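Asker: This is what each chain is made of:
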Amino acid sequence: MIALAARDLSVAYEGTLRLSVPQINFATRGLVGLIGANGAGKTTLLRALAGLVPANGQIRIRDTPLDRLRAGERARALAYLPQNAAAYWPLSVRQLAALGRLPHRPALGPLGGADQDAINWAMAAVDVQHLAERAATTLSGGERARVLLARALAVQASVLLVDEPVASLDPYHQLLIMQVLADYAADRGLVVSVLHDLTLAARFCARLVLIHQGAIVADGPPEQVLTDAQLARCYQIRVGRSDHDGPVIVPVSRVDS
Amino acid sequence: MTQPAAHHLSRRVMLYGGLLALTLLGLLLSMLVGRGAAGPTFGWQAMVPELSDGVALLLVEVRLPRALLGLLVGGTLGLCGAALQGLLRNPLAEPGLLGASSGAALGAVLVFYFGLAGATTLLLPAGGVLGSLGALVVLYGLAYRSDDVLTLILAGIAINAFAAAATSLALNFAPSPYAALEILFWMLGSLADRGLDHVALVLPLMVTGWLLVLLSARGLDALSLGAESARSLGFEPRRTQLLVVGGTALAVGAAVAVTGVVGFVGLVVPHLLRRAVGYLPSGLLMPSFLGGAALTLLADTALRLMPPGPELKLGVVTALLGAPFFLHLILRSRRGEL
Numbered sequence: 094m095i096a097l098a099a100r101d102l103s104v105a106y107e108g109t110l111r112l113s114v115p116q117i118n119f120a121t122r123g124l125v126g127l128i129g130a131n132g133a134g135k136t137t138l139l140r141a142l143a144g145l146v147p148a149n150g151q152i153r154i155r156d157t158p159l160d161r162l163r164a165g166e167r168a169r170a171l172a173y174l175p176q177n178a179a180a181y182w183p184l185s186v187r188q189l190a191a192l193g194r195l196p197h198r199p200a201l202g203p204l205g206g207a208d209q210d211a212i213n214w215a216m217a218a219v220d221v222q223h224l225a226e227r228a229a230t231t232l233s234g235g236e237r238a239r240v241l242l243a244r245a246l247a248v249q250a251s252v253l254l255v256d257e258p259v260a261s262l263d264p265y266h267q268l269l270i271m272q273v274l275a276d277y278a279a280d281r282g283l284v285v286s287v288l289h290d291l292t293l294a295a296r297f298c299a300r301l302v303l304i305h306q307g308a309i310v311a312d313g314p315p316e317q318v319l320t321d322a323q324l325a326r327c328y329q330i331r332v333g334r335s336d337h338d339g340p341v342i343v344p345v346s347r348v349d350s
Numbered sequence: 142m143t144q145p146a147a148h149h150l151s152r153r154v155m156l157y158g159g160l161l162a163l164t165l166l167g168l169l170l171s172m173l174v175g176r177g178a179a180g181p182t183f184g185w186q187a188m189v190p191e192l193s194d195g196v197a198l199l200l201v202e203v204r205l206p207r208a209l210l211g212l213l214v215g216g217t218l219g220l221c222g223a224a225l226q227g228l229l230r231n232p233l234a235e236p237g238l239l240g241a242s243s244g245a246a247l248g249a250v251l252v253f254y255f256g257l258a259g260a261t262t263l264l265l266p267a268g269g270v271l272g273s274l275g276a277l278v279v280l281y282g283l284a285y286r287s288d289d290v291l292t293l294i295l296a297g298i299a300i301n302a303f304a305a306a307a308t309s310l311a312l313n314f315a316p317s318p319y320a321a322l323e324i325l326f327w328m329l330g331s332l333a334d335r336g337l338d339h340v341a342l343v344l345p346l347m348v349t350g351w352l353l354v355l356l357s358a359r360g361l362d363a364l365s366l367g368a369e370s371a372r373s374l375g376f377e378p379r380r381t382q383l384l385v386v387g388g389t390a391l392a393v394g395a396a397v398a399v400t401g402v403v404g405f406v407g408l409v410v411p412h413l414l415r416r417a418v419g420y421l422p423s424g425l426l427m428p429s430f431l432g433g434a435a436l437t438l439l440a441d442t443a444l445r446l447m448p449p450g451p452e453l454k455l456g457v458v459t460a461l462l463g464a465p466f467f468l469h470l471i472l473r474s475r476r477g478e479l
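Chains as they are written, first to last, in our numbering: chain P, 94 to 350; chain H, 142 to 479.
Simulated from the structure, these hints should not be mistaken for laboratory data.
Computed from a prediction, not measured in an experiment: that's the story for all the values here.
Incorrect hints may have been included.
[What the hints assert, rightly or not] Quick list of the computed label-pair ranges, beta carbon to beta carbon: (1) H/F466 with P/T230: 18 to 26 Å; (2) H/R473 with P/Q151: 30 to 38 Å; (3) H/G256 with P/N149: 38 to 46 Å; (4) H/A306 with P/Q151: 37 to 45 Å; (5) H/L356 with P/A179: 24 to 32 Å; (6) P/N149 with H/M155: 36 to 44 Å; (7) P/D156 with H/R379: 27 to 35 Å; (8) H/R379 with P/Q151: 20 to 28 Å.
[Stated by the list, open to error] Just so you have them, the derived chain H footprint on chain P, three or more residues with Cβ under 8 Å: (9) 194-200; (10) 314-326.
Each residue gets a CB set at the ideal place from its N, CA and C atoms; glycine is no exception.
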């Protein structure tokens with residue numbers, strides 16, 4: 094069963110082609126890692142899949158073309174957490190998580206029971222319930238990242254697209270967030286995440302999509318994608334590998350072409 | 142989870158109740174308190190059975206429009222200030238920022254300049270409304286393509302600068318010193334000497350503007366996560382911007398057209414109430430309407446308690462109180478407390 098699919102997808106900024114993807118499909122469950130060097134087109138692909146940038150080609154959620162969905166329907170089906178997400182007012186953590194319920198709510202009226210359940214569930218998933226009444230602007234970087242993820246989780250969409258959710262987090266919270274995403278991908282729906290840490294990508298994702306210069310150059314299980322040859326070509330790095338209950342991949346030197 | 146929810150509810154009921162009571166008090170005082178020899182208790186005489194027709198006439202023809210305009214104009218400024226601060230995600234935004242006020246002022250001044258104000262009392266506000274709509278059209282011409290708030294602010298600054306220059310030009314070439322003085326006084330902002338026909342002229346525009354602004358409520362909440370997240374939640378930022386900017390131009394333009402420029406209400410009121418409503422932009426809209434109405438009515442009533450002499454203009458008083466407050470805001474925001 095296919096949750097999200099793109100065909101003949103291309104994105105151009107100011108006349109320059111930035112992304113060209115003939116075809117890509119995502120199943121209804123599973124955590125998929127989007128990897129590649131800075132500027133390769135990972136974020137562009139994610140935003141195009143979310144319908145947030147003008148793109149040519151066709152994107153389908155299940156069997157419905159994305160552009161035929163109304164804004165509210167799209168927002169309920171597909172949640173998106175941008176890179177460096179922010180909150181502009183000192184909203185409480187609970188209020189911030191509750192913003193994830195906006196696509197589900199009528200134009201007037203308070204939060205319903207289902208909304209409250211979703212908010213509580215999302216805050217519990219990222220372990221921020223004890224912060225519920227704190228102002229989001231007073232949180233540490235790690236706490237804020239978790240709260241903003243709770244906002245995206247609270248949408249309870251069948252497709253969750255997240256851009257670098259563990260950037261700037263300490264190792265403990267990197268592992269925590271990756272586990273949250275893996276659990277969501279097992280129980281609730283598809284998760285596509287841009288990732289930079291190759292070890293986390295290899296350990297948590299069953300499928301990796303490697304992007305290089307706006308095109309997909311490898312797509313499959315981590316051991317097929319993270320080969321020495323691919324990493325040298327796309328990242329211009331050489332890596333050291335070992336195994337501790339799973340793969341460990343550490344960059345050790347640059348490869349200059 | 143029920144207890145904090147109940148707590149929030151009772152706090153909201155208290156806030157709304159308090160603001161509503163203040164607004165009603167403002168309305169009542171505005172009807173009862175007069176100026177000059179008649180004294181502050183003048184209005185009570187209307188309650189006496191054998192009242193003279195003159196008193197009833199005064200209440201309906203003079204005090205009622207003044208009180209209604211205080212309510213409408215103050216509410217408009219509070220509501221639109223709150224919405225603009227939410228849209229621009231900045232607590233220093235205010236309704237005059239986008240050029241609607243200065244456009245309305247220019248429109249009215251041009252009516253003065255060509256000496257048409259005497260022809261019919263409604264020509265002046267009509268000129269103001271046309272001026273604010275003109276400013277809105279120019280604003281869209283400059284900024285509609287972009288959902289970037291900086292473009293919007295820069296376009297507003299350009300319109301404000303041009304309207305101010307054109308207004309000065311009109312003063313410069315005023316046919317007589319008397320006309321120049323009249324223009325100046327009008328621009329100071331006042332609720333005095335307006336009639337029910339003024340209320341009828343601006344009410345439809347204001348109500349339309351309010352509705353547009355209120356329709357943006359959920360979109361403003363989504364925007365507190367930034368434009369991209371708002372779009373992913375199904376609230377296109379450009380649509381929210383259209384509602385807020387269009388609604389503000391209509392309502393504030395109409396307000397300025399009948400009363401002149403009453404500054405700082407739209408800046409100060411949302412700021413005073415933001416913490417009490419819990420910072421969510423949608424929750425700030427109606428409290429700011431009530432707060433703006435109450436503040437304007439009470440300020441306008443306080444004016445009439447001043448010793449005899451030329452009456453202080455409302456816009457002068459709000460600016461005198463508002464400017465130091467604005468400075469206080471800037472100093473606090475520099476210390477990172479906003």
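Asker: So, against the hints stated earlier in the document, which numbers end up violated here?
Answerer: 2, 3, 4, 6 and 10
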